[in-house]
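J.: Residue strings, one per chain:
Protein chains: 2
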Amino acid sequence: MSETKPALYTSLSPALLNLYDISSSIVVIIDVLRATSTIATALCNGAKEIIPVDSVNECIRIGRQIEAITAGERDGKVAEGLQYGNSPFEYPSSFIAGKTLVLTTTNGTKLLHMALNNGAHEIITGSFANIDAVCEYLLQKNKPVLLACAAWKDRVNIEDTLFAGAVISKLKQQFSINCDASQMALNMFDDAAKDLFEFMKAKQASHYLRLSSFGLEKDIKHCLTFNTAPVLPLYKQGKLIRG
Amino acid sequence: MSETKPALYTSLSPALLNLYDISSSIVVIIDVLRATSTIATALCNGAKEIIPVDSVNECIRIGRQIEAITAGERDGKVAEGLQYGNSPFEYPSSFIAGKTLVLTTTNGTKLLHMALNNGAHEIITGSFANIDAVCEYLLQKNKPVLLACAAWKDRVNIEDTLFAGAVISKLKQQFSINCDASQMALNMFDDAAKDLFEFMKAKQASHYLRLSSFGLEKDIKHCLTFNTAPVLPLYKQGKLIRG
Chain A
21 MSETKPALYT
31 SLSPALLNLY
41 DISSSIVVII
51 DVLRATSTIA
61 TALCNGAKEI
71 IPVDSVNECI
81 RIGRQIEAIT
91 AGERDGKVAE
101 GLQYGNSPFE
111 YPSSFIAGKT
121 LVLTTTNGTK
131 LLHMALNNGA
141 HEIITGSFAN
151 IDAVCEYLLQ
161 KNKPVLLACA
171 AWKDRVNIED
181 TLFAGAVISK
191 LKQQFSINCD
201 ASQMALNMFD
211 DAAKDLFEFM
221 KAKQASHYLR
231 LSSFGLEKDI
241 KHCLTFNTAP
251 VLPLYKQGKL
261 IRG
Chain B
21 MSETKPALYT
31 SLSPALLNLY
41 DISSSIVVII
51 DVLRATSTIA
61 TALCNGAKEI
71 IPVDSVNECI
81 RIGRQIEAIT
91 AGERDGKVAE
101 GLQYGNSPFE
111 YPSSFIAGKT
121 LVLTTTNGTK
131 LLHMALNNGA
141 HEIITGSFAN
151 IDAVCEYLLQ
161 KNKPVLLACA
171 AWKDRVNIED
181 TLFAGAVISK
191 LKQQFSINCD
201 ASQMALNMFD
211 DAAKDLFEFM
221 KAKQASHYLR
231 LSSFGLEKDI
241 KHCLTFNTAP
251 VLPLYKQGKL
261 IRG
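So the sequences go chain by chain: A and B.
In short: position in the first sequence from 1, add 20, done, that's the working numbering.
In short: position in the second sequence from 1, add 20, done, that's the working numbering.
FYI, nobody ran anything at the bench for these hints, they're computed from the structure.
Check the hints yourself; a few may be wrong.
[To be verified] Straight-line C-alpha distance at most 20 Å; calculated EDC-like pairs for lysine to aspartate or glutamate: (1) A/Lys173 / B/Asp174; (2) A/Lys214 / B/Glu23; (3) B/Lys221 / A/Asp210; (4) B/Lys192 / B/Glu23; (5) B/Lys173 / A/Asp174; (6) B/Lys173 / A/Asp41; (7) A/Lys214 / B/Asp210; (8) B/Lys223 / A/Asp211; (9) B/Lys223 / A/Asp210; (10) A/Lys223 / B/Asp211; (11) B/Lys97 / B/Glu110; (12) A/Lys223 / B/Asp210; (13) B/Lys214 / A/Asp174; (14) A/Lys173 / B/Asp41; (15) B/Lys221 / A/Asp211.
[Unchecked claim] Just a few of them, taken from the derived set where beta-carbon distance is under 10 Å, the chain A residues facing chain B: (16) Phe115; (17) Trp172; (18) Gln224.
[As the list claims (entries may be wrong)] Some chain B residues near chain A, calculated using beta-carbon distances under 8 Å: (19) Ser33; (20) Asp152; (21) Leu191; (22) Gln193; (23) Gln194; (24) Ser196; (25) Asn198; (26) Met208; (27) Lys223; (28) Ala225.
Each residue gets a CB set at the ideal place from its N, CA and C atoms; glycine is no exception.
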């Protein structure tokens, strides 16, 4: 008995999100450097919940209101007025366990709100830090999937595309993929899989250059490592919680 | 003496075009299957000029007004009301020499008008059919370049990205490339260069599937062949002419 496989698409930039009908899809928000890696890490290390917001002011306002940790970046640096940044290393369990984090980032949290406004059936976040958890969830749900790359100010980037390719590499037999962006992502991941960091460096990826100029090579390496934070961040009623 | 190299960027979809300041750039319109391949072929075979228009009605109106050949497609087929389609094989010199062609296509001619409206410094069209002519022109001009892929209804496609990669492969030493989309295009072209048609087939590129379902594999093969129409289509005062 043959069953129809659910469709899988990849959106390489937030500016392309509205090309896809996501009303019955699970949307995977991908912002490898570094929002979704940090989200997985903080939840894995015991954060109670993460409230993604799309502006610094909103972050400060909510942080005060509920006495939560405010964190976020603009252009790769801690945003003015916020307490913490967007590095997974800032959120060890000794610091984050049991706490609520209010987070805003240049690209990732904005994209999450776009997906919400576009009527996504369900929203989760993905990164190499929790790739297996993401893939297991998508397999188990067996629904249409949109892999949504946060990119950089709408410009396509290598690392989010690589993560989309990595997911496709694991799920391609179980989903119907008629999507050139997905094929391109998979092809690039296959080229890069041996050493993602070296690939990013060799290709002079723009985010590699940006973060390494801030001395954050360690962050890049960590965010390109598989399954360091094996949790599923699930968006429910305004919050990301462990799924 | 070191000189600053001009910048080169790649826009993978018309929906991303407005991320780039093109006021001092040469914009290369890329619609490999099949608009820009057909444009190069028709000009190479002696067409006097090609008037790209963005709607079928406008195509019919201008065609009547100047007694020109009207041609174009919507969704890969000859558009209703027009005389000819979007296949390079429809324009041998025995037919097209000395004539004016008014052309509208799903993606390519629309993108050309977007680039015009966005204030492009100069517009040319590129395809594998005239890749060397394009590269020689860009080298000679030594100005910033935007490789603008027409894609398919704003969804990124493999063939236009491959062409961008092919151009970058030839020009990368002479331009400054800090653009992930360009690196991704180049990486994919390097994988595909041995046999572009087999690559498109193996990746089940959406346009490969669409055109081959219409029996147009011959068109695909032709449009993926280098330098079959060595001319430079240059946009001037509403017309594409031999540069």
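J.: Measure nothing beyond the straight line between the CA atoms of lysine 223 of chain B and aspartate 211 of chain A; if it is 20 Å or shorter, mark the hint as holding.
T.: holds (14 Å)
J.: CA of lysine 223 of chain A to CA of aspartate 211 of chain B, is that 20 Å or under?
T.: holds (14 Å)
J.: Holds or violated: is the Cβ of aspartate 152 of chain B closer than 8 Å to a Cβ in chain A?
T.: violated (25 Å)
J.: Have a go at the alanine 225 of chain B hint: is there a Cβ in chain A nearer than 8 Å to its own Cβ?
T.: With a closest approach of 6 Å, the alanine 225 of chain B hint holds.
J.: Under the criterion of a CB-CB separation shorter than 8 Å, is glutamine 194 of chain B in contact with chain A as hinted?
T.: violated (16 Å)
J.: Checking hints one by one. Is methionine 208 of chain B an interface residue toward chain A, by the C-beta closer than 8 Å rule?
T.: Constraint on methionine 208 of chain B satisfied, holds at 6 Å.
J.: Is the interface hint for tryptophan 172 of chain A satisfied, with its Cβ closer than 10 Å to some Cβ of chain B?
T.: holds (8 Å)
J.: For lysine 214 of chain B and aspartate 174 of chain A, compute the direct alpha-carbon distance and say whether it is at most 20 Å.
T.: violated (32 Å)
J.: Tell me if lysine 223 of chain B is really an interface residue toward chain A, meaning its C-beta lies closer than 8 Å to one of theirs.
T.: Constraint on lysine 223 of chain B satisfied, holds at 4 Å.
J.: Between lysine 173 of chain B and aspartate 41 of chain A, is the straight-line Cα distance small enough, at 20 Å or below?
T.: holds (14 Å)
J.: Answer holds if the nearest beta-carbon of chain B is closer than 10 Å to that of glutamine 224 of chain A; otherwise answer violated.
T.: This interface hint holds because 7 Å falls under the 10 Å limit.
J.: Hey, does the asparagine 198 of chain B contact hint survive, CB to chain A under 8 Å?
T.: With a closest approach of 6 Å, the asparagine 198 of chain B hint holds.
In this structure, the hints that do not hold are numbers 2, 13, 16, 20, 21, 22, 23, 24, in rising order.
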